[in-house]
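A.B. asks: Note that the protein sequences, when read in sequence, are chains A and B. Each residue of the first sequence is one higher than the one before, counting from 1 in the working numbering. Each residue of the second sequence is one higher than the one before, counting from 1001 in the working numbering.
Be aware that one or more of the hints could be misleading.
Claimed, not checked - Quick list of in silico lysine to any residue cross-link-like pairs, SDA-like style, CA-CA up to 25 Å:
no. : chain 1 : residue 1 : chain 2 : residue 2
1   : B       : Lys1140   : B       : Lys1223
2   : B       : Lys1316   : A       : Gln153
3   : A       : Lys225    : A       : Thr159
4   : A       : Lys225    : B       : Leu1025
As the list claims (entries may be wrong) - Beyond 12 Å from chain A on every Cβ pair, some chain B residues (computed):
no. : residue
5   : Leu1044
6   : Gly1142
7   : Glu1212
8   : Asn1243
9   : Val1268
10  : Thr1293
11  : Gly1326
12  : Lys1336
13  : Glu1337
The hints are simulated quantities; they were obtained by calculation from the structure and are not laboratory data. Quick reminder that beta carbons are idealized off the backbone N, C-alpha and C, glycines included.
There are 2 protein chains.
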Amino acid sequence: MKSDIKFDVQSSRDYSIYIDELKELSFSRKVAIITNPKVAGFHLQTLLQGLKVDALFIITVPDGESYKNQQTLDLILENLFNHQFNRNDTLIAFGGGVIGDMTGFAASIYQRGINFIQIPTTLLSQVDASVGGKTGINNKFGKNLIGAFHQPQAVYIETQFLETLPSREFGAGVAEIVKMAVTFDADFFSWLEEADLKSRKDLQVAIRKSVETKAYVVSQDEKEKGLRAVLNYGHTFAHVIENLTGYKRYLHGEAVAIGICMANDLSVKLGLLTKSEAGRIKALLERYGLPTTYKIDDIEDFYQHFFLDKKTDNAKIKFILASTLGGNVIKDDITKEDVITVLDGYCTCNSINSLYFTLPRTSQLHLTNLSI
Amino acid sequence: MKSDIKFDVQSSRDYSIYIDELKELSFSRKVAIITNPKVAGFHLQTLLQGLKVDALFIITVPDGESYKNQQTLDLILENLFNHQFNRNDTLIAFGGGVIGDMTGFAASIYQRGINFIQIPTTLLSQVDASVGGKTGINNKFGKNLIGAFHQPQAVYIETQFLETLPSREFGAGVAEIVKMAVTFDADFFSWLEEADLKSRKDLQVAIRKSVETKAYVVSQDEKEKGLRAVLNYGHTFAHVIENLTGYKRYLHGEAVAIGICMANDLSVKLGLLTKSEAGRIKALLERYGLPTTYKIDDIEDFYQHFFLDKKTDNAKIKFILASTLGGNVIKDDITKEDVITVLDGYCTCNSINSLYFTLPRTSQLHLTNLSI
């Protein structure tokens, strides 16, 4: 008996991203705010002022990427079970990328899915992480290796929360803004060169532009089968750098800034970008205090680290490259020689000339220690 | 600045369910078969005969619902990481509902989603659990409380795998077939009354009909916002019975059979079903050795257990009822009095007259022990 039953599951989710419009939020059910003590200390009072809710629970988790793990996730879930949350109740992720990723993942697996809202409080999560539904936790094998695609009900982006953001974290967010501009929108890039993101007005424009770009990309390709991969521009290199430095030396956005410069060197080598264009991108990153170089100690080891990435498919490294300003191309056929040549350019550079280390600048020995 | 960005994510997945067509499966990548030692012993050789694959990994997990937990899930995931599986590799769930639910959930969260195929080997998983993308694990708070909606790439239903199925497990599958017929298709129900599911020909027809019904329902409502809830007919009562008997006394399908009879009693009370219709349903279940009654010791305690269900929304118990044969209705406004009246009918019944207990039938004492 031939019984091939075709089965079609369609799901469409449509939600809104609001910029500077968080006045009042009302819920007729239970709400849990997931946050960390630092964000809570600065901003929880502001959030609570506009919140109307039947029953409110506040769950704080320790601050930092190292807590984005199964153990913290279990504690969040257990808390929700203890308070008998059900599918129609709501979680609010109130914090940076760590809080957003972990809350989103908890929301996606709690009773097979519960509502959640993102209220990102860092520039990086406002322009990038909070939009697009990537959620997850780290494990001993790497970053974000366990997770889900789970879209929030809404995203509220409030620039007032950035007023307490340390300048390194601000810069880290700028790196992702630059990423969007370079790969999708030359006009936006030129505008960024003239703008001052420290002014709230310009910052709002940049956030809106970045979010629109990301929303467009994700609506075309939620599960990263094609176009969405372009958002990993700079990240292939950045992940290796983060891994080699134990996720301690650079903020994610800082590693991305370096990764963008490395990817651009490859673009220049392949004739996709002019030296002048690469220089403009580097200059823009440096204007916001971002590192743009990194001392590679062992080129072969650096190269082998590309294969640990979950996006490295079938032993082919996928490089996302800028192709003239505002354009992009995904390449998985770049020769090892070409990559090595680019990496070689980072073997003699002095990575210690970053803003972020106050070690004495006189001794070459410190440089070696830093790279461990 | 008003910046409300509308964001639309559409995902459409379309896949096939094959009945008795598992001849050959080819993969140009890594494949992991997740199974248990019992199923492997009976049927793995048959599966391997038709399998062409680049690299094959077989992961066996202990047999039984009590292993459908975080610990087993972690072991599966760790195994995949150790063998460097990536998003384009494939998991095959080869077993009953426990294997399917756990493999599906692992597939949904491993690197935010990896391919998986269902090859169910029990009747219950063939007609119900393998179709529709519900995946998950149990925790100390209850069954399937952590999980995801994650659709497989394909489902292969092979009736030959049922030849080694114990008759209690066969009956448990029949309960779900009866569920589909009663709530969606009166003709199918009449056909079932005449058919003999122990014959392979009739069984194939019944499986195909059940799967088509389920596929239709899920394609209308994947996330169980409405219609899909009808598939929980009998389950509201069954979950309480399973919980009260520690998930040990009845197979899930057996508890569903009892739950169907309880739900029907409520339907009869509300004038939705005639006594004769309820009697025909009960007779059909009993023909396949299914239990249709259960001794309730404490009515109030039984009633309170409804509120532990993840589908019990906002303190309203949702009852899914048959409304004439082939029809259904979801009611959340049934009075406690009406429910109690129905439950009261189960306080004096002799639940020991089931096929499955070989305890002496002379002593009332044993009955009490059984209900603990």
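A.B. asks: Hint by hint, say whether it matches the structure.
C.D. replies: To see whether the hints hold, each was checked on the structure:
For the hint pairing lysine 1140 of chain B with lysine 1223 of chain B, the CA-to-CA distance comes to about 24 Å; that is within 25 Å, so the pair holds. Taking the CA atoms of lysine 1316 of chain B and glutamine 153 of chain A, the gap is near 24 Å; set against the 25 Å cutoff, the hint holds. Under the criterion of a C-alpha separation no larger than 25 Å, the hint pairing lysine 225 of chain A with threonine 159 of chain A is inconsistent with the structure, at around 32 Å. Taken as a hint, the lysine 225 of chain A and leucine 1025 of chain B pair is honoured in the structure, with Cα atoms around 23 Å apart against an allowance of 25 Å.
Under the 12 Å C-beta cut-off, the non-interface status given to leucine 1044 of chain B relative to chain A holds; the minimum distance is some 24 Å. Distance to chain A contradicts glycine 1142 of chain B as a non-interface residue, since its nearest Cβ pair spans about 8 Å, not more than 12 Å. The beta carbon of glutamate 1212 of chain B is not kept farther than 12 Å from every beta carbon of chain A, the shortest such distance being approximately 6 Å. Every CB of chain A lies more than 12 Å from the CB of asparagine 1243 of chain B, the least distance being 15 Å, so the non-interface label holds.
Every CB of chain A is more than 12 Å from the CB of valine 1268 of chain B (nearest about 30 Å), matching its label as outside the interface. Every CB of chain A lies more than 12 Å from the CB of threonine 1293 of chain B, the least distance being 30 Å, so the non-interface label holds. Against the 12 Å criterion, glycine 1326 of chain B stays outside the reach of chain A, whose nearest CB is about 20 Å from its own CB. Residue placement check: lysine 1336 of chain B keeps its beta carbon more than 12 Å from all beta carbons of chain A (closest about 19 Å).
Glutamate 1337 of chain B, annotated as away from the interface, keeps every beta carbon of chain A farther than 12 Å; the closest lies near 25 Å.
Hint compliance for this structure: hints 3, 6 and 7 are not met, and every other hint is.
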